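**Q** These are the residues of each chain, in order.
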Amino acid sequence: MTLAGEPGTDDRAPRRGTGADAVGGLVPARVARPESTEALGRVMAAAAREGSAVVARGNGTALDWGGLPRRLDLLVDTAGLSWIEHIAGDLVVEVGAGTPVAELYGVLAAAGQRLSMDPVRAGGTVGGMVATGVSGPRRLLGGALRDLVIGMTVVRADGVVARSGGRVVKNVAGYDLAKLHTGGLGTLGVIASVALRLHPLPPALRVVSRATPSHEHAERALAELRRSTVVPSAVELDRPPEGPGHLRVVLEGTPDGVGARVAETARILGGDPEVADALPEGWGVLPAEGTLALVSVPPAESVRAAVRVGGLSGAAGATAHVTGSLPAGALYVSFPPGAGAEAVGAVADGVRSVPGWSMTLLRAEPHVHTAGVDLWGEVPGLPLMRAVKDSFDPRHRLAPGRFAGGI
Amino acid sequence: MSETAAPTGAQADVAALVPRLLRICGEDGVLTDTARRRTYESDGLTHHRAVPGVVVLPTTADQVAAVVRLCAENGVPFVPRGAGTGLSAGALPHTEGVLLVTSRMRRVIEVDVENECAVVEPGVANLDVTRAAAPYGYYYAPDPSSQQVCSVGGNVAENSGGAHCLKYGFTVNHVRGLDIVTPSGEQVSLGGKSPGAHGYDLIGAFVGSEGTLGVATRVTVGLTRSPERTVTLLSAFTSMNAGGQAVSSIISAGVLPSAVEMMDALAIEAAEKAVACDYPEGAAAVLVVELDGPAAEVDAQRAEVTRLCEEAGAFETRTATGADERARIWKGRKSAFAAVGRISPAYIVQDGVVPRTALPEVLRRITELSAASGIRVANVFHAGDGNLHPLVLFDDAEPGAGERAEEVSGAILDLCIEHGGSITGEHGVGVDKACKMPRMYGPDDLATFDLFRRALDPDGIANPDKLLPTPRLCGEQPGVRRGVHPLVESGRAEQF
Chain A
1 MTLAGEPGTD
11 DRAPRRGTGA
21 DAVGGLVPAR
31 VARPESTEAL
41 GRVMAAAARE
51 GSAVVARGNG
61 TALDWGGLPR
71 RLDLLVDTAG
81 LSWIEHIAGD
91 LVVEVGAGTP
101 VAELYGVLAA
111 AGQRLSMDPV
121 RAGGTVGGMV
131 ATGVSGPRRL
141 LGGALRDLVI
151 GMTVVRADGV
161 VARSGGRVVK
171 NVAGYDLAKL
181 HTGGLGTLGV
191 IASVALRLHP
201 LPPALRVVSR
211 ATPSHEHAER
221 ALAELRRSTV
231 VPSAVELDRP
241 PEGPGHLRVV
251 LEGTPDGVGA
261 RVAETARILG
271 GDPEVADALP
281 EGWGVLPAEG
291 TLALVSVPPA
301 ESVRAAVRVG
311 GLSGAAGATA
321 HVTGSLPAGA
331 LYVSFPPGAG
341 AEAVGAVADG
351 VRSVPGWSMT
361 LLRAEPHVHT
371 AGVDLWGEVP
381 GLPLMRAVKD
391 SFDPRHRLAP
401 GRFAGGI
Chain B
408 MSETAAPTGA
418 QADVAALVPR
428 LLRICGEDGV
438 LTDTARRRTY
448 ESDGLTHHRA
458 VPGVVVLPTT
468 ADQVAAVVRL
478 CAENGVPFVP
488 RGAGTGLSAG
498 ALPHTEGVLL
508 VTSRMRRVIE
518 VDVENECAVV
528 EPGVANLDVT
538 RAAAPYGYYY
548 APDPSSQQVC
558 SVGGNVAENS
568 GGAHCLKYGF
578 TVNHVRGLDI
588 VTPSGEQVSL
598 GGKSPGAHGY
608 DLIGAFVGSE
618 GTLGVATRVT
628 VGLTRSPERT
638 VTLLSAFTSM
648 NAGGQAVSSI
658 ISAGVLPSAV
668 EMMDALAIEA
678 AEKAVACDYP
688 EGAAAVLVVE
698 LDGPAAEVDA
708 QRAEVTRLCE
718 EAGAFETRTA
728 TGADERARIW
738 KGRKSAFAAV
748 GRISPAYIVQ
758 DGVVPRTALP
768 EVLRRITELS
778 AASGIRVANV
788 FHAGDGNLHP
798 LVLFDDAEPG
808 AGERAEEVSG
818 AILDLCIEHG
828 GSITGEHGVG
838 VDKACKMPRM
848 YGPDDLATFD
858 LFRRALDPDG
868 IANPDKLLPT
878 PRLCGEQPGV
888 RRGVHPLVES
898 GRAEQF
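Residue numbers (the numbering used here), protein chains in the order written: chain A, 1 to 407; chain B, 408 to 903.
Relax, there's no trap hidden among the hints.
Label-pair distances were calculated between CB atoms; the ranges are:
#: 1; chain 1: A; residue 1: His215; chain 2: B; residue 2: Ala683; range: 52 to 60 Å
#: 2; chain 1: A; residue 1: Glu342; chain 2: B; residue 2: Pro542; range: 47 to 55 Å
#: 3; chain 1: B; residue 1: Gly882; chain 2: A; residue 2: Ala288; range: 50 to 58 Å
#: 4; chain 1: A; residue 1: Ala263; chain 2: B; residue 2: Thr728; range: 16 to 24 Å
Here are some of the chain A residues that sit facing chain B, going by a computed Cβ distance under 10 Å:
#: 5; residue: Arg156
#: 6; residue: Arg163
#: 7; residue: Leu382
Since the hints were made in silico from the structure, they are not lab data.
Remember, predicted model here, so these are calculated numbers, not experimental data.
Note that the Cβ used here is the ideal one computed from N, Cα and C, for glycine as well.
Whole structure, please, built from the sequences with the hints as guidance.
**A** Here you go:
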């Protein structure tokens, strides 16, 4: 690709990449900033003609997620794809990939609506949120992010613009390709826009929380919450390396209805828990630095997994902060910046040695990459994933190396 | 709407497989005689018929894999089938292929209460999952209307919903793990009891793939805690518009009912004749609203929904809390499809989706279509999510009536597309709507669907001629661009 706009269009010419554009230490030769989905298609088609390796960037808050790209020629900045089409009456929004998540949430809140999902990063874009695909604590009612994406427009490696799904929640026409791109780290295509299912903001919200005196207590509370009918939106464990862990239960509903549920939740947690009517500051947001992992386990084993991660870290001479949704069996493990690769590797091995448990390093620090720590562990279905990659990106130009198995 | 016959001699390939199929599935697992094969000639959409080349009834995943491998090695197509209740001819057999029926794989392998999930074989009936979970205070949330007989494997293939998916989502929102046999005959385990599998979300993409990406042989589904309280309201209105207004008010007030169902005068009339459901007299529309959850929340919502219905013009609202009372309200709604059979010799069930805000406009246009064509249309639908199920009534003894009914039914789908909706909310594309896909998606979208399909099924043997338009099905038109498949040229009669 030359440093000129596509002939016959008013596309801006890509600029030269600088050190500030580096991804995993690779400085892209060029940075393109398309202003529309069609322009993105032209950028990608040109990249295909030239055989360029492409990484997409939103606000750059997750460029260090996944594996290190093996090759990078063109960085596609999605900032120009920032637009929100809120169809409030239908509880649906279609939004450009480059739209800041905070802006989207602000627009929705002003209309009394929300995307029922807690972002795990501050300052990111919608495209980045979907491409990384993970969900924060409030996922027990509306589901995780993947359950809220109802349509997607993606630009393929060859520049073809393709849409799947639509703008209605109930729709089984065609393959649900958005599922593959959600969490796909831009390795199957560049997300141009997504359609999302919304929910009304609940009239009442309560957070019931207490320090948990022991993991036996946490396990008991989890089991009893499961048997109860209080229907929490989130049951979050926050287990710092030192000091007591905390359990936080979020209840959402009507002002008249939520009181009884708070009382029952408080009884289950015991010990006179604190009740707040707002989420704590920084709710669901994970540390922006240091190696970060997602541990996935059967829900009933969540507390045990958190304890095991703590034990494995301690034994390896590291500290790990574990947070996550107990009923979803999804725990985030945050290592402090500089945590040694051996320790991270030891925790990963220890978790992966338990049948039914997995641990994915979402973001590894450079020295963890250098040490060759396996970010994914065994990924069931990997040959099928390779087949999908080969079909969508036969020359492996989209963020090559960023995904499982070197995809 | 014609019966398709196999061209002479075209079954040679399938017939050649029979000895090996017998070794894999045993004598009782392979059906070859014409009469028995004919019993599988259609699924729930009975006007599409084709006698399968051979029927196999495997009992294990290994047998499924061996059958599919045999098909793959010989380039013979296979069609997976569960209970055969589908309404898009997604399980229409292939005359020169193997029909792979999962009805003998019906073990509930495990109910794991602690992890709130169940592990089942694909042939297990949807309702049997709930039956297995009920003693522990749980149920399986997706509830397609055929749930007594339809299979979990079929639900996975179709991403089935049901009346309560408004609140609880579809099959895809509940599947945590899948063992599949790929179109090349490999067995792959995806996910498990942990709700989050890593790597690409192949489970999410497999669910709803209509048997075109392989066969599910074991399914891990999440179970849902039975609600503390369930209340069903029946509200009667003097116009469909008023009922539609009530739906909008309820949803925009922030209430998320588990179900919001609507019936028009003709559907009510049919239901009254069939099951004497005793809905309020003079109702031009009834709304069935179900609320469930913590008792205090349900009580608060019940008051609000009642008020909103009255504001929208409801002249009567009944509330039922006991199981029997609730069942009486649901009786009319659930009997509606069959009931229509009593007031009309024949009918077509359509399945389309419109954005909820477009409901009043689309319903008005359907009334106009009906008036202009003289074809009666009964409306019974999932109003909460804009999923229409118009029943297009006609007399099949009257020459040309079927064609006119098809035209009205097709025009209703066009209305859905025109208003930014979908050509199918839960019945699937199958054969029935493959040729409608280019109305909803452009050539590049369809070609991209096909890229995915070919990634898993490069030889095109898994439920071919379903889901995506092909020249053989639809004639030459903008659609999937791919090389001519040998089967395309095999000369089966056109479906339409």
